[in-house]
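Enquirer: Listed here are the chains, written in short residue letters.
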Amino acid sequence: DAKTTQPPSMDCAEGRAANLPCNHSTISGNEYVYWYRQIHSQGPQYIIHGLKNNETNEMASLIITEDRKSSTLILPHATLRDTAVYYCTCSGGSNYKLTFGKGTLLTVNP
Amino acid sequence: DVKVTQSSRYLVKRTGEKVFLECVQDMDHENMFWYRQDPGLGLRLIYFSYDVKMKEKGDIPEGYSVSREKKERFSLILESASTNQTSMYLCASRDRGSWTEAFFGQGTRLTVV
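Chains as they are written, first to last, in our numbering: chain A, 1 to 110; chain B, 1001 to 1113.
There could be a bad hint or two in this list.
Label-pair ranges, simulated between beta-carbon atoms [what the hints assert, rightly or not]:
no.: 1; chain 1: A; residue 1: T72; chain 2: B; residue 2: P1039; range: 21 to 31 Å
no.: 2; chain 1: A; residue 1: A17; chain 2: B; residue 2: G1063; range: 35 to 45 Å
no.: 3; chain 1: A; residue 1: I63; chain 2: B; residue 2: Q1106; range: 47 to 57 Å
no.: 4; chain 1: B; residue 1: G1040; chain 2: A; residue 2: Q42; range: 35 to 45 Å
no.: 5; chain 1: A; residue 1: T56; chain 2: B; residue 2: K1018; range: 40 to 50 Å
no.: 6; chain 1: A; residue 1: T79; chain 2: B; residue 2: D1051; range: 37 to 47 Å
no.: 7; chain 1: B; residue 1: D1028; chain 2: A; residue 2: L51; range: 20 to 30 Å
Okay, derived cross-link-like pairs now, DSSO-like style, lysine-lysine, Cα gap no bigger than 27 Å in a straight line [as the list claims (entries may be wrong)]:
no.: 8; chain 1: B; residue 1: K1057; chain 2: B; residue 2: K1071
no.: 9; chain 1: A; residue 1: K52; chain 2: A; residue 2: K102
no.: 10; chain 1: A; residue 1: K97; chain 2: B; residue 2: K1070
no.: 11; chain 1: B; residue 1: K1057; chain 2: A; residue 2: K3
no.: 12; chain 1: A; residue 1: K69; chain 2: B; residue 2: K1071
no.: 13; chain 1: B; residue 1: K1057; chain 2: B; residue 2: K1003
no.: 14; chain 1: A; residue 1: K97; chain 2: B; residue 2: K1071
no.: 15; chain 1: A; residue 1: K97; chain 2: B; residue 2: K1003
no.: 16; chain 1: B; residue 1: K1003; chain 2: A; residue 2: K102
no.: 17; chain 1: A; residue 1: K3; chain 2: B; residue 2: K1055
no.: 18; chain 1: A; residue 1: K102; chain 2: A; residue 2: K69
no.: 19; chain 1: A; residue 1: K102; chain 2: B; residue 2: K1055
no.: 20; chain 1: A; residue 1: K97; chain 2: B; residue 2: K1053
Hints were generated in silico from the structure; no laboratory data involved. All C-beta atoms, glycine included, are put in the ideal place defined by N, C-alpha and C.
All chains should be modelled from the sequences, with the hints used to inform the complete structure.
Expert: Printed below as a string of structure tokens:
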């Protein structure tokens, strides 16, 4: 299973775009990239996932590089409620495991 | 709505006790997971199960065991609780076939005294 690397913390101004990077250089061809977030004292919640194409939903956009070794989660207009720990993980194919690293603490400032 | 329910939100146990943490999901998911979460260490996988009676070790299985006798229920067992097992425990489930998202319970904060 691919190991992921994320910065420990990031800040963003309210109303601006938040761009959260993730490195997954050992990802295998059939593994998806997933993003979750965890707001304090709650269980993590799914945000978005993708295989190789860029994806967008009502919460965020996911940009995956052509070589699939890294990705960026974009929150287009961050709000104070987006303050959370964001986790990037890879899973799929024969890899049933779902492992998380330490994630990125995103703080949205007023 | 998918629901993953953990039996207790808060639990206090004594050192040496046998502790059962229960997790139930209502969406017929094949895969279920147990994690612990500690400050500065992120989410760490303890055990996971990809089918009834099937289990695999995660990254930190020492001191824990699991049981999956029915598809909807996945139990985490601390055979002899120790103070270093004081932590937040999170359960998750996911459908195997479609590689969709995992759903998490609200967590059990276990304190071993």
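Enquirer: Take the hints in turn and mark each one as holding or not.
Expert: Here is how each hint holds up against the structure:
Range check, T72(A) to P1039(B): about 27 Å between beta-carbon atoms, so the 21 to 31 Å window is met. Against the hinted window of 35 to 45 Å, the Cβ-Cβ separation of A17(A) and G1063(B) comes to about 43 Å, which satisfies the hint. As the Cβ distance of I63(A) to Q1106(B) is approximately 31 Å, the hint placing it in 47 to 57 Å is violated. Taken as a hint, the range 35 to 45 Å is violated for the pair G1040(B) and Q42(A), whose Cβ atoms sit roughly 19 Å apart.
For T56(A) paired with K1018(B), a C-beta distance near 48 Å keeps the hint of 40 to 50 Å intact. Hint check: T79(A) to D1051(B), Cβ distance near 40 Å, so the stated range 37 to 47 Å holds. The hint said 20 to 30 Å for the Cβ distance between D1028(B) and L51(A), and at roughly 25 Å that hint holds. Only pairs whose Cα atoms come within 27 Å are accepted, and K1057(B) paired with K1071(B) is accepted, the gap being roughly 18 Å.
Our distance criterion of 27 Å between C-alpha atoms is met by K52(A) and K102(A), whose separation comes to about 24 Å. About 20 Å separates the Cα atoms of K97(A) and K1070(B), which keeps this hinted pair within 27 Å; it holds. The hinted pair formed by K1057(B) and K3(A) meets the criterion: a straight-line CA distance of about 17 Å does not exceed 27 Å. Among the hinted pairs, K69(A) with K1071(B) is inconsistent with the structure: their alpha-carbon atoms are about 35 Å apart, more than 27 Å.
Our distance criterion of 27 Å between C-alpha atoms is met by K1057(B) and K1003(B), whose separation comes to about 24 Å. Simply put, K97(A) and K1071(B) have alpha-carbon atoms about 17 Å apart, close enough for the 27 Å limit, and the pair holds. Restraint check for K97(A) and K1003(B): the C-alpha separation of about 20 Å stays at or below 27 Å, so the hint holds. This hinted pair checks out: K1003(B) and K102(A) have alpha carbons roughly 25 Å apart, not beyond 27 Å.
In summary, the hint linking K3(A) to K1055(B) is supported, as the alpha carbons are separated by about 22 Å, within the 27 Å threshold. Of the supplied pair hints, the one linking K102(A) and K69(A) holds, its CA atoms being roughly 18 Å apart against a limit of 27 Å. For a cut-off of 27 Å, the pair hint linking K102(A) to K1055(B) stands: about 24 Å separates their Cα positions. The straight-line distance between the Cα atoms of K97(A) and K1053(B) is roughly 16 Å, inside the 27 Å bound, and the hint therefore holds.
Checked against the numbered hints above, the structure breaks hints 3, 4, 12 and satisfies the rest.
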